[in-house]
Amino acid sequence: MSLTKEEIKKIAELARLELNDVEISKYQEQLGSVLDYIDMLKEAECSDLDILGLDLEDNYNRTREDCSENWPEDEVEIALDQVDEKEDDQIKVNRVM
Amino acid sequence: MDLNNTTIKEARKLLDDKKLTSLELTNFFLKRISDLDETFKTCISVFSDSAREDAKEADKRIAQGEKGDLLGIPYLVKDIILTKGKKTTAASKMLENYVAPYNATVIKKLNQAGAILLGKTNLDEFAHGASTENSAFFVTKNPWDTTRVPGGSSGGSSAAVAADLCMFALGSDTGGSIRQPASFCGVTGLKPSYGRVSRFGLMAMTSSTDVIGPLTKNIEDAAIVLKVIAGEDKFDLTSSQNIVEDYLKNIEKPIKGLKIGIVKEFLEAGLEEGVSSGVLEAVEVFKKLGAEIIDISLPYNKYSIPVYYIITPSELSANLARLDGIRYGYSLKFNPKGQSVENINEIYSKNRGESFGPEAKRRIMLGTYVLSAGYYDAYYKKAMAVKEKIKQEFKNVFNQVDLIITPTSPHTAFKIGQQVNDPLKMYLEDIFVTGPSLAGLPAVSIPAGFSKGLPFGLQIIANKFEENKIFQAGFNYQKETDWHKKFPNI
Chain F
283 MSLTKEEIKK IAELARLELN DVEISKYQEQ LGSVLDYIDM LKEAECSDLD ILGLDLEDNY
343 NRTREDCSEN WPEDEVEIAL DQVDEKEDDQ IKVNRVM
Chain Z
8 MDLNNTTIKE ARKLLDDKKL TSLELTNFFL KRISDLDETF KTCISVFSDS AREDAKEADK
68 RIAQGEKGDL LGIPYLVKDI ILTKGKKTTA ASKMLENYVA PYNATVIKKL NQAGAILLGK
128 TNLDEFAHGA STENSAFFVT KNPWDTTRVP GGSSGGSSAA VAADLCMFAL GSDTGGSIRQ
188 PASFCGVTGL KPSYGRVSRF GLMAMTSSTD VIGPLTKNIE DAAIVLKVIA GEDKFDLTSS
248 QNIVEDYLKN IEKPIKGLKI GIVKEFLEAG LEEGVSSGVL EAVEVFKKLG AEIIDISLPY
308 NKYSIPVYYI ITPSELSANL ARLDGIRYGY SLKFNPKGQS VENINEIYSK NRGESFGPEA
368 KRRIMLGTYV LSAGYYDAYY KKAMAVKEKI KQEFKNVFNQ VDLIITPTSP HTAFKIGQQV
428 NDPLKMYLED IFVTGPSLAG LPAVSIPAGF SKGLPFGLQI IANKFEENKI FQAGFNYQKE
488 TDWHKKFPNI
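First to last, the protein sequences are chains F and Z. Going by this note's numbering, the first residue of the first sequence is number 283, and it counts up by one from there. Going by this note's numbering, the first residue of the second sequence is number 8, and it counts up by one from there.
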């Protein structure tokens, strides 16, 4: 299966990845060959299965109270220390609206 | 005292008999790391000061009469597992300076047990790879031959255990990332059952198959470590509520009558000559030990790689979407904060485009594509159906046998750079190890011989939560053979 350069650019845009021209050409070729290989799944017979994409036998929903927990202060501090700029324990970012 | 290649069990005895202190043991490994890691490049960070402090603390606990399997035992951990107040990079430029705000549950458990954290090991960026060449920082060398890869993605951990830079190391395994590097480096590497060990604090790659496990010098040590790190965790609701067994209790029990399946088509699948003859020799050892060898077939296993390379990119493209450089991680300087930017997506795309490496980008793109409108049914839904087939196939086989043995990898460690430009070839590295990951089964790779001077491993797979059978078979095998006692001449 081959992908066009336009398709690669569209995928990169959806994935929020800025790619240069060299990368676009490289991924066009490499993703094409991986998709060719993946295509062998077409021959895999599994029409006897009614799969919803859920693995119900081993995995099931376990719920917990939807409440906030106070995280240790020193841990909060380490997290907040990594931002470029903060104001009153809040992260300052570019205005986007 | 000669501490070279000491196992956890041997060190435990020395510590408890007061013939050795944890500080001496810790200094022994810190010295080896400082002398040798220039060559092997296994560690991204080393914490000499905190390790010595922790060791002194462990010595106090031992002096007070406290007993514990890992009390005072030094270890390394793959740098994708969070360690509070210490850098956790995932070997990515995106997180090059990221400091973990909290400890992963496994680290918390090891701290409580009194184990000594020496440092963090190299990996393929975000655990994407089979050679550790995808690290954004440097390539780890195989201690058996420094022109070769250590395997991956837990290549730093496997090489460190092989080079005797720690007593044990933690890795993570999503589709073979503990077992394949264990095979390439001639060490023991265990992938526990899905859900057996909490992943809280493990950076998520493929949430449906990620597992944390130990790399050790023998199978008994793997059982010792698993006993400490396993168990339910309220912070990881996929962690199993099954009680953690005492894995050491029946480990020495003879395996007479144990039914072991061998997969004929695997042994015909273009294996390196020395690997194929070595696996057959291992089968003979199990026969000699009284196991019953049964031929089995796993026809759907050939689909495990294509299934994996749909499910994995799908999940990781979502898991890595959180990394945008806004709150933490790699961030370019844009307009002063508080001012408008033209396009928020431009910020995300530039931060991500500049900081993710080639394999991470490839996988994010692949996942984005196979989940996109119009392609979802053909790829993701089909992959989930075939994954179910693979699981059922294993389930049926485990009605007939207790364990399955296979080669871990079709060959020994390849040369650095040999496969870098061929991602598909790299994906096929995991042909024997990905099936058990998709089915959530426990599996170990143990050293089983050498081919042209390089080690290779034997994989032992069990039914879900039957780690005890793996330990029992592995222990009996290692009592009969001494492949696990071979270390590289360093």
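Keep in mind the hints are simulated off the structure, nothing from the lab. It should be emphasised that the depicted structure is a prediction, and the values quoted were computed from it without experimental measurement. Quick reminder that beta carbons are idealized off the backbone N, C-alpha and C, glycines included. One should not assume that every hint holds.
DSS-like mimics (lysine-lysine), calculated; alpha carbons at most 25 Å apart, straight line [stated by the list, open to error]:
{"id": "1", "chain 1": "F", "residue 1": "292", "chain 2": "Z", "residue 2": "294"}
{"id": "2", "chain 1": "Z", "residue 1": "93", "chain 2": "F", "residue 2": "374"}
{"id": "3", "chain 1": "F", "residue 1": "308", "chain 2": "Z", "residue 2": "100"}
{"id": "4", "chain 1": "Z", "residue 1": "100", "chain 2": "Z", "residue 2": "67"}
{"id": "5", "chain 1": "Z", "residue 1": "294", "chain 2": "Z", "residue 2": "20"}
{"id": "6", "chain 1": "Z", "residue 1": "476", "chain 2": "F", "residue 2": "374"}
{"id": "7", "chain 1": "Z", "residue 1": "16", "chain 2": "Z", "residue 2": "388"}
Stretch by stretch, here's where chain F covers chain Z in the computed footprint (C-beta under 8 Å, at least three residues) [unchecked claim]:
{"id": "8", "region": "136–145"}
{"id": "9", "region": "223–234"}
{"id": "10", "region": "389–397"}
{"id": "11", "region": "426–435"}
{"id": "12", "region": "488–497"}
Label pairs and their in silico Cβ distance ranges [as the list claims (entries may be wrong)]:
{"id": "13", "chain 1": "F", "residue 1": "344", "chain 2": "Z", "residue 2": "351", "range": "42 to 48 Å"}
{"id": "14", "chain 1": "F", "residue 1": "351", "chain 2": "Z", "residue 2": "351", "range": "56 to 62 Å"}
{"id": "15", "chain 1": "F", "residue 1": "357", "chain 2": "Z", "residue 2": "31", "range": "52 to 58 Å"}
{"id": "16", "chain 1": "F", "residue 1": "344", "chain 2": "Z", "residue 2": "385", "range": "31 to 37 Å"}
{"id": "17", "chain 1": "F", "residue 1": "311", "chain 2": "Z", "residue 2": "383", "range": "20 to 26 Å"}
{"id": "18", "chain 1": "F", "residue 1": "372", "chain 2": "Z", "residue 2": "431", "range": "42 to 48 Å"}
Evaluated hints:
no.: 1; hint: F/292 / Z/294; in the structure: 57 Å, violated
no.: 2; hint: Z/93 / F/374; in the structure: 24 Å, holds
no.: 3; hint: F/308 / Z/100; in the structure: 21 Å, holds
no.: 4; hint: Z/100 / Z/67; in the structure: 39 Å, violated
no.: 5; hint: Z/294 / Z/20; in the structure: 33 Å, violated
no.: 6; hint: Z/476 / F/374; in the structure: 54 Å, violated
no.: 7; hint: Z/16 / Z/388; in the structure: 47 Å, violated
no.: 8; hint: 136–145; in the structure: violated (count 0)
no.: 9; hint: 223–234; in the structure: violated (count 0)
no.: 10; hint: 389–397; in the structure: holds (count 7)
no.: 11; hint: 426–435; in the structure: holds (count 3)
no.: 12; hint: 488–497; in the structure: violated (count 0)
no.: 13; hint: F/344 / Z/351: 42 to 48 Å; in the structure: 35 Å, violated
no.: 14; hint: F/351 / Z/351: 56 to 62 Å; in the structure: 30 Å, violated
no.: 15; hint: F/357 / Z/31: 52 to 58 Å; in the structure: 33 Å, violated
no.: 16; hint: F/344 / Z/385: 31 to 37 Å; in the structure: 32 Å, holds
no.: 17; hint: F/311 / Z/383: 20 to 26 Å; in the structure: 24 Å, holds
no.: 18; hint: F/372 / Z/431: 42 to 48 Å; in the structure: 46 Å, holds
Hint compliance for this structure: hints 1, 4, 5, 6, 7, 8, 9, 12, 13, 14 and 15 are not met, and every other hint is.
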